[in-house]
Amino acid sequence: MIRRALAAAVVFAASFTALAFLALPIVAIFAHVSPGRLAAQLSNPVVTDALVVSLKTTLIAQALILVLGTPTAYVLASRRFHGRSALVTLVELPLVLPPAVAGIGLLAAFGRAGLLHTSLPFTQAAVTLAVAFVASPLYMRQAIAAFEAIDPNLVAASRTLGAGPVKTFFRVVLPLARGGLAAGEALAFARGLGEFGATIMFAGSLRGVTQTLPLAVYAEFDVNFTIALAVSALLVLISAALLLTIKLVLQWQPSRRTSPSRFALSISS
Amino acid sequence: MRTAALLAVCALALATAATAAARTRATITVYAAASLTDVFPRIDPTPKYSFAGSNTLAAQIQLGAPADVFASANTTLPQQLFQKGLCSQPVVFTRNTLVLIVPKSNPAGIHSVYDLAKAGLKLDVAAPAVPVGSYTRQILKNMALTSVLNNVVSNETDVREVLAKVALGEADAGFVYSTDAKTVPGQVTVLTMPAWAQPKVQYGICVVKNSANASAAQAFVNEVMSKAGQAKLLAAGFLPRVKPKTTK
Amino acid sequence: MAALSADFSLPLRAFDLELSLEVERTVALVGPSGAGKTSTLRVVAGLARPRSGRIALGEEVWLDRDRGVDRRPEERRVGLVFQEYALFTHMTVRANVAYAARGRVDELLERFHVSHLADAHPAELSGGEKQRVAIARALARDPAVLLLDEPLAALDAHTKAEVRSELSELLRDLGLPTLLVTHDYEDAAALADEVGVIVDGKVRQLASPAELVARPRDAFVASFTGANLLHGTARRAGDGLTEVRLGSGEQLFSTDDGEGEVGVVVYPWEVSVARAHATDSALNVVRGEVGSLFEVGNRVRVRIGPLTAEVTAASAGRLELARGGVAYATFKATGTRLVAL
Chain P
1 MIRRALAAAV
11 VFAASFTALA
21 FLALPIVAIF
31 AHVSPGRLAA
41 QLSNPVVTDA
51 LVVSLKTTLI
61 AQALILVLGT
71 PTAYVLASRR
81 FHGRSALVTL
91 VELPLVLPPA
101 VAGIGLLAAF
111 GRAGLLHTSL
121 PFTQAAVTLA
131 VAFVASPLYM
141 RQAIAAFEAI
151 DPNLVAASRT
161 LGAGPVKTFF
171 RVVLPLARGG
181 LAAGEALAFA
191 RGLGEFGATI
201 MFAGSLRGVT
211 QTLPLAVYAE
221 FDVNFTIALA
231 VSALLVLISA
241 ALLLTIKLVL
251 QWQPSRRTSP
261 SRFALSISS
Chain H
270 MRTAALLAVC
280 ALALATAATA
290 AARTRATITV
300 YAAASLTDVF
310 PRIDPTPKYS
320 FAGSNTLAAQ
330 IQLGAPADVF
340 ASANTTLPQQ
350 LFQKGLCSQP
360 VVFTRNTLVL
370 IVPKSNPAGI
380 HSVYDLAKAG
390 LKLDVAAPAV
400 PVGSYTRQIL
410 KNMALTSVLN
420 NVVSNETDVR
430 EVLAKVALGE
440 ADAGFVYSTD
450 AKTVPGQVTV
460 LTMPAWAQPK
470 VQYGICVVKN
480 SANASAAQAF
490 VNEVMSKAGQ
500 AKLLAAGFLP
510 RVKPKTTK
Chain V
518 MAALSADFSL
528 PLRAFDLELS
538 LEVERTVALV
548 GPSGAGKTST
558 LRVVAGLARP
568 RSGRIALGEE
578 VWLDRDRGVD
588 RRPEERRVGL
598 VFQEYALFTH
608 MTVRANVAYA
618 ARGRVDELLE
628 RFHVSHLADA
638 HPAELSGGEK
648 QRVAIARALA
658 RDPAVLLLDE
668 PLAALDAHTK
678 AEVRSELSEL
688 LRDLGLPTLL
698 VTHDYEDAAA
708 LADEVGVIVD
718 GKVRQLASPA
728 ELVARPRDAF
738 VASFTGANLL
748 HGTARRAGDG
758 LTEVRLGSGE
768 QLFSTDDGEG
778 EVGVVVYPWE
788 VSVARAHATD
798 SALNVVRGEV
808 GSLFEVGNRV
818 RVRIGPLTAE
828 VTAASAGRLE
838 LARGGVAYAT
848 FKATGTRLVA
858 L
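Chains as they are written, first to last, in the numbering used here: chain P, 1 to 269; chain H, 270 to 517; chain V, 518 to 858.
Looking at chain P on its own, in the form it has when it is part of the complex (with noise of 0.2 Å):
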C-alpha cells in the first residue's frame, strides 16, 4: 500500500520536474519583459533583417527538402537494393553531425579552398545549404517511415487497375504518406528556424545578408540584451504556431492509422 504510493509520488515528481525543466526556460523569456516592450522591439531593423533572412532561407531550404528528398525518400522506402542501408544512414547522418561539424563540412565541400571550390561562404545561398544540410534527415527519416508504412498491395492494386508509377504515386502514396511527411516537414521546418552553427561557420553573420534569427540573437545577447529576448520570444512564437498548424492540418484527414488521442504527433503514420 505504502509502496504503490510511494511509487506513485516518485512518478509524480519525476513529471513535474521534466515538465517544469521544459516549460520554464520557455516561460522565462516571456516573463523577463513586458509584452509590450517586446512588441516595441520587433520594429527594431535588427529583428526585422533577421526575421527576413530566416524566412527567405528557411523557406527556399525546405521547399529544396521536400522537392529533393520525397521521391529520394521513397525510392529508398520502397526499393530494396545493395548499399541501401549504407545510403540510408548517410542521409541520417546530418542528425548526429554537432552543427560546428556540419558547417566544418560545409567549408570543407564548398569552400573556397574546399572540394568544390565555390564562392558560396558568407552568401545568403550558404545559409540555405546550412539549414538543408541539418534540417533534411528530420524529414527524410520521417518521409521514409510514412512511405514504408504503405501497404504494397495497395501500390500493386493501383498498378493493375491501369495507373502508371506516377499516377499511383500522386494518387495513392503521397495521400497515404501526407501525415508522416507532414510530421517530418515540421520538425525540419522547426530545426532549420533555429539553426546556429553550422550557419555560422560556413555562412558567417552580416545583418540583412546572413544574420538570422537565432544568430541575432547570439549577436545582440551582449549588446542589447532585450532586443535577444524579443527575437528569442517571436522564435519560440513562430515554432508554437508552426506545430500547432501542423496538428490541425492533420485533424483534417480521414487517417485512421494515427493514435486514438486527437492530438498525438503521428511520428509514424
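Just so you know, these hints were derived from the structure itself, not from any lab.
Be a bit skeptical, because a hint or two may be false.
Short derived list, chain P residues pointing at chain V, Cβ under 8 Å [said to hold, decoys possible]:
hint	residue
1	N153
2	R159
3	G164
Residues from chain H that face chain P, not an exhaustive set, calculated with beta carbons under 7 Å [to be verified]:
hint	residue
4	N324
5	T325
6	A388
7	K391
8	A398
9	V422
10	S423
11	N424
12	L437
13	G438
14	E439
Restraint-style ranges between C-beta atoms, simulated for each label pair [claimed, not checked]:
hint	chain 1	residue 1	chain 2	residue 2	range
15	H	G389	P	L64	24 to 32 Å
16	H	Q358	P	H117	37 to 45 Å
17	H	Q358	P	V223	24 to 32 Å
18	P	L68	H	Q358	57 to 65 Å
19	H	P314	P	M1	38 to 46 Å
20	H	A481	P	A86	51 to 59 Å
21	H	A277	P	T48	55 to 63 Å
22	P	R80	V	N815	50 to 58 Å
23	H	V278	P	L68	44 to 52 Å
Ideal Cβ positions, reconstructed from N, Cα and C, are used throughout, including at glycine.
Once you have looked at the hints, place chains H and V on chain P.
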C-alpha cells in the same frame, strides 16, 4: 550479481565526482578574451578557462556567471563592471597590436591595407561590440578608410573566428591581433599597420566581486602581473604592460 | 473470348514455380499455402517477373522473355482482386470503384449492391462488402482476364456460403477467363470448371473437379480433395480385383490395378457406417473406435478408426453413434481407389 555490479559502478561514479569537486574547491574560473587562449594556460594551467569575445564574457558576468577573474581585451568592459560594483578596480596587464592578415595563398592579391577597397573583396572582421572589432573600426577611421567596411562579409563573435576563416582561405583578409597571427605560422601572411594609426590596445584584468575564491583569484592576477607572467606574455608577442618611454 | 495462356518459370525461396496453363473459362489453383499460388497471379498481372516464359491473351502477348516483351501491369488488361482486398483506405467506395472506371461507376455500384455505401470509407465496411467493392473496382477497368486471390478466405463461415454462390453466378455471367487461387478444395470445386492441384510450385493434376475425385493421380491430390488415404501392400487377386493388406491388418479389395506399396483412397461419402459386422462379403470393412463427430449441414462427419465417413444426420441418429463406441465402416471395392504413394 548484476545489482551488486550496478551499485559498485554508482559508488565509483559518486566517489570520482566527490574527489573532483574537492579538487576544484581551490580551482578558480577565469573568463578571458579569446586572444589569450594560448598564453594564459602557459602562465597557469590550473584554472578553468572560458575564452570568448570579451563583450560576451562581460554580459555573462553581469547575468551572474560564476567567474572569479575577468581578463578583457580592453579596459572599457572591466571598467563598466567595476562601475556596476561587479568587480574590483581593473588594472592593465598587457598591450597588443592590430594587424591585417591575408591567407598564405592571398587569393585577392592584397598587399596593403589600401588594397582592401577592391571591389568584391571578402573582408572578415569581428562585430563592433567585440574589442578587436571596435579597434578595427578605429584604425580604419584613423586612416580614413572606413569605406573599406563595405566589403565586410561577416561580423564574427570573437577574434579567433576571424583568424580561422582567413587561415582557411575562406575570407580574403581579416583584422586580428599580432599575437593571434603568431599562432598559425605559415597559414597567413601578416601586413603590419602603421604605428600612428594604431588604437590604444590595453588589456584589463579584475577580480569578480562575487567570487567564492577571492584570494585564489587575486593570486592569479598577481601571477599574471609577475615578472614570470609578463615574460610569457612578451614571448607570445604581446607588448609590455607599460609603454616604454621613448626619447623621441 | 480470347483465352489466357501462361507458361513460365519463377524461382521462389524454396523451389521453382513452373506452370503451364490455358485459361478459357474458370480455372482454380488449389494447394497448401506457400505452394506458389499468389505468385502465379502476380506473374500473370505483371507484378513479378519470371525467369523465363510467355504469357499471352489470345494474340496479345504480355510477356515473352525470349523476345524481350514485358508489358507493365498497367498495360495488361487484368482485374486482380487481392486476398485482403487492398481497397484504398483514403478514398470513398465510389472513388475506389471509379479509380479505373470508364464511366460506369453507378452501374457497377448498383450491380454489386453497394450503392448505399458509395460515400463510406473501406474501414467502415464488413468483409463481404469489402469484397464486393474490390470486385466492382477490378471490373470497372473492363479487364480481359480476372484474377482472384483467395476470394473467400477472409470471410466468416456464414458469409462464405452465400458469397460462394453469388460469386459462382457472377463468374458465369461475366464469361471472362478467370484464374483463381485458394487453399480450400471445396471452394475451388464450386467455382471453377477446371481445378489444378499445385504443390511446391508444380501442378500435380489439372482436371475437372469430378475427374480429380474420380481419378486422383496421386496420394496428395487424393487427400487434398478430401479423400481418406490409407497405406497398404497390394497384389493381384482373381476376378479383376486387387487385394490390399493394410498396415493395421485388414484386407481390402479394389477394382483398380496396383502392385506393392499403394495408397488406398476412399471418399467419405462413399463410406457407410454400421454397428455390426456386415455379412456381405463384397464390401470392404474396417472396424474402429468412433472418434469425433460433427455436423455439416444435414450430414454428419464421423471418424471411425482411420477413416472419415459422411452419413446423413438421420442415419447417424439411427445408429446411435457416440464417441468411444465401436463401429464398422464399409465401402465397395468399386469405390476404393488405388494411387501411387
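Status of each hint after checking the structure:
The interface hint given for N153/P is met, as the beta carbon of that residue sits about 4 Å from the closest beta carbon of chain V, less than 8 Å. At a threshold of 8 Å, the smallest CB-CB gap from R159/P to chain V is about 4 Å, leaving the interface hint in force. Hint on G164/P holds. Least Cβ distance to chain V is approximately 5 Å, under the 8 Å limit. A hinted interface residue such as N324/H counts as satisfied when its beta carbon comes closer than 7 Å to some beta carbon of chain P; here the least separation is about 5 Å, so the hint holds.
For T325/H, the shortest C-beta to C-beta distance to chain P is roughly 5 Å, which falls under 7 Å, so the interface hint holds. Interface restraint check for A388/H: the shortest CB-CB distance to chain P comes to about 14 Å, outside 7 Å, so the restraint is violated. For K391/H, the interface hint holds, the least distance from its beta-carbon to any beta-carbon of chain P being 6 Å, beneath 7 Å. For A398/H, the suggested interface contact is upheld, since its CB lies about 5 Å from the closest CB of chain P, less than 7 Å.
Taking 7 Å as the C-beta cut-off, the interface hint given for V422/H holds, the closest approach to chain P being about 4 Å. Contact between S423/H and chain P, as hinted, is supported at the beta carbon level, the nearest pair being about 3 Å apart and thus within 7 Å. Below 7 Å, beta-carbon pairs count as interface contacts, and N424/H has one with chain P at about 5 Å; its hint therefore holds. Taking 7 Å as the C-beta contact cut-off toward chain P, the hint placing L437/H at the interface holds, the least distance being around 6 Å.
With its C-beta approaching chain P no nearer than about 4 Å, G438/H sits inside the 7 Å limit, and its interface hint holds. At its closest, the beta carbon of E439/H sits 5 Å from a beta carbon of chain P; the interface hint therefore holds under the 7 Å criterion. For the pair G389/H and L64/P, the beta carbons lie near 27 Å from each other, so the given range of 24 to 32 Å is met. Evaluation of the 37 to 45 Å hint for Q358/H and H117/P yields a failure: the beta carbon distance comes to about 53 Å.
For Q358/H and V223/P, the hinted distance range of 24 to 32 Å is satisfied, since their beta carbons lie about 25 Å from each other. Between L68/P and Q358/H the Cβ separation comes to about 60 Å, which falls inside the hinted range of 57 to 65 Å. For P314/H paired with M1/P, a C-beta distance near 58 Å fails the hint of 38 to 46 Å. In this structure the hint that A481/H and A86/P lie 51 to 59 Å apart at CB holds, the actual value being about 52 Å.
Between A277/H and T48/P the beta carbons are some 59 Å apart, a value that agrees with the proposed interval 55 to 63 Å. Remark: the range hint 50 to 58 Å for R80/P to N815/V is upheld by a beta-carbon distance near 53 Å. In this structure the hint that V278/H and L68/P lie 44 to 52 Å apart at CB holds, the actual value being about 47 Å.
Violation of the numbered hints given earlier is confined to hints 6, 16 and 19; the remaining hints are satisfied by the structure.
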